[in-house]
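Visitor: If you want the building blocks of each chain, they are given just below.
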Amino acid sequence: MTATAPPATGSAPARPLTPSRTTATAARVLRQLTHDPRTIALLVIVPVLLITLLRYVFDGAAGTFDAIGASLLGIFPLITMFLVTSIATLRERTSGTLERLLALPLGKGDLIAGYALAFGAVAVLQSALATAVSIWLLGLDVVGSPWLLLLVALLDALLGTALGLFVSAFAASEFQAVQFMPAVIFPQLLLCGLFTPREAMHPVLEAISNVLPMSYAVDGMNQVLHHSEITGDFVRDIAVVAGSALLVLSLGAITLRRRTP
Amino acid sequence: MMNYEPGATPPEPPTDPPPPAIEARGLTVVRGDRTVLRSLDFTVRPGGITGLLGPSGCGKTTLMRAVAGTQARATGTLDVLGRPAGDPALRSRIGYVTQAPSVYTDLTVRQNLDYFAAVLHPGRAHRDARRAAVTRAIGDVDLTSHADALAGALSGGQRSRVSLAVALLGTPELLVLDEPTVGLDPVLRRDLWNLFHRLAAERGTALLISSHVMDEAERCHRLLLMRDGQILAEDTPDALRHRTGTRTVEEAFLHLVNARLADETAPPGPPLTQEASR
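Same order as they appear, the protein sequences are chains A and B. Mapping to the numbering used here: the first sequence position 204 is 204, numbers consecutive. Mapping to the numbering used here: the second sequence position 86 is 1086, numbers consecutive.
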């Protein structure tokens, strides 16, 4: 070995977000996934299987399949990305790699955006396949553009990533992280209008459902289902979901501490 | 390349007047309701190996975390490479290796290093420099034949060397290594210490290395002896042995502990035992 140090490349100063550090982080997260093909298979295939199952559960009621199927296309990415992100971030915290990264010139925004980008890409793959199978093979009757369904699904995935990142800060183990799924996701699932129209709920529950982001995710899907044009409600829905995702992502950034007790 | 022979104190590198690598004045750290570090004063010179020795639980890791800037609730003055510890400008100048290897077990050795290199020197413009730095770091820790193995498939000792390689990437001016040789076989331990000496001699790196194995003390240029959140002594191994009239650093450490205990249990009045002077 030689004593010559490599040329001082003058590493870029730490900023909240550097595009090249963000993409490097996203590439690293995806590379980790490629070493785990079973997880990729589960992420991509399980939603397709479930939506197929649903189609034949409502074999005699095509209208019910349309309503619930479209909603589920929005809910799948939210739930799976929530689970994947909360476990992945928890691992990053417990393995010491998070502490190491934060002692390096990596912005917190790089880490969060890197995760969002990587899992967003997985969500696009997942949603594209589930949406395509639903529309072309299972006969899901969508009035609006399938691209809009995909857009809502992607935003839902980002919301799931954001929620997963946030709750992982409060989980000390993977057991706890998994238990946050029923705690954080199930109430939204019950109140989002999937089982019964939100207007028919107890007024208190309806009010609560008005402030839960998943209600808007499901409503957005239904807007595309029933309208060929982009409606005002649709714009409101995706704005609420995107805004909630950004809000929770910034809350997640606060839980990333460079100095820990 | 320097080879270290046990028993001989390595020659101290020429000491220029540059600012100390680490300077602490009244460094105090509280974790929970426990004061882990009690008003420490010490100096680590640049370009040499400083051993941080003391029993488990005496505060070595907390001190290192404070130097790396990851320890909350650190008060007093702690300057690292001329800047307050934790300063963002220090993040690419310090390499910090925690006791547990912090690498991604589901990536290969090279993929791990590629990512951390991209964090240190982002951008396409640095791609060739990054590749060279990664290859060099893998060679430094002698893992070239395992470069494409998953970190999770390596042995514990190999994985901690991957963690060390990550810290070597940016050619840091200060390396903070928390028990880097714990659990390694003697041959590997000797190789790592040879690497540490090469880093100090050829790259001018300052190294702060903790250990609770006293025989490693003989391999350091200078020592910080710690016990119970306090610095017992700060000197060269030779000077410590000489001053305490002992043959090994371990005996010197025990001598100093006894002197301190005698001090603490002594009735109020003039100190009975001569305190280790700096």
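Honestly, the hints are just simulated from the structure, not real lab data. Just so you know, these numbers come straight off a predicted model, no measurement behind them. Hints may be right or wrong, so weigh each one.
[As the list claims (entries may be wrong)] Now the stretches of chain A that chain B is said to cover, found in silico as 3 or more residues with beta-carbon under 8 angstroms: (1) 94-108; (2) 183-197; (3) 252-260.
For every residue, glycine included, the Cβ atom is placed at its ideal position computed from N, Cα and C.
Visitor: Give a verdict on every hint.
Guide: Structure-based check of all given hints:
1. Counting residues of the region 94-108 of chain A whose beta carbon lies closer than 8 angstroms to any beta carbon of chain B gives 11, which reaches the threshold of three, so the coverage claim holds.
2. Counting residues of the region 183-197 of chain A whose beta carbon lies closer than 8 angstroms to any beta carbon of chain B gives 0, which falls below the threshold of three, so the coverage claim is violated.
3. Residue count for the region 252-260 of chain A with a Cβ under 8 angstroms from a Cβ of chain B: 4. That meets the three needed, and the coverage hint holds.
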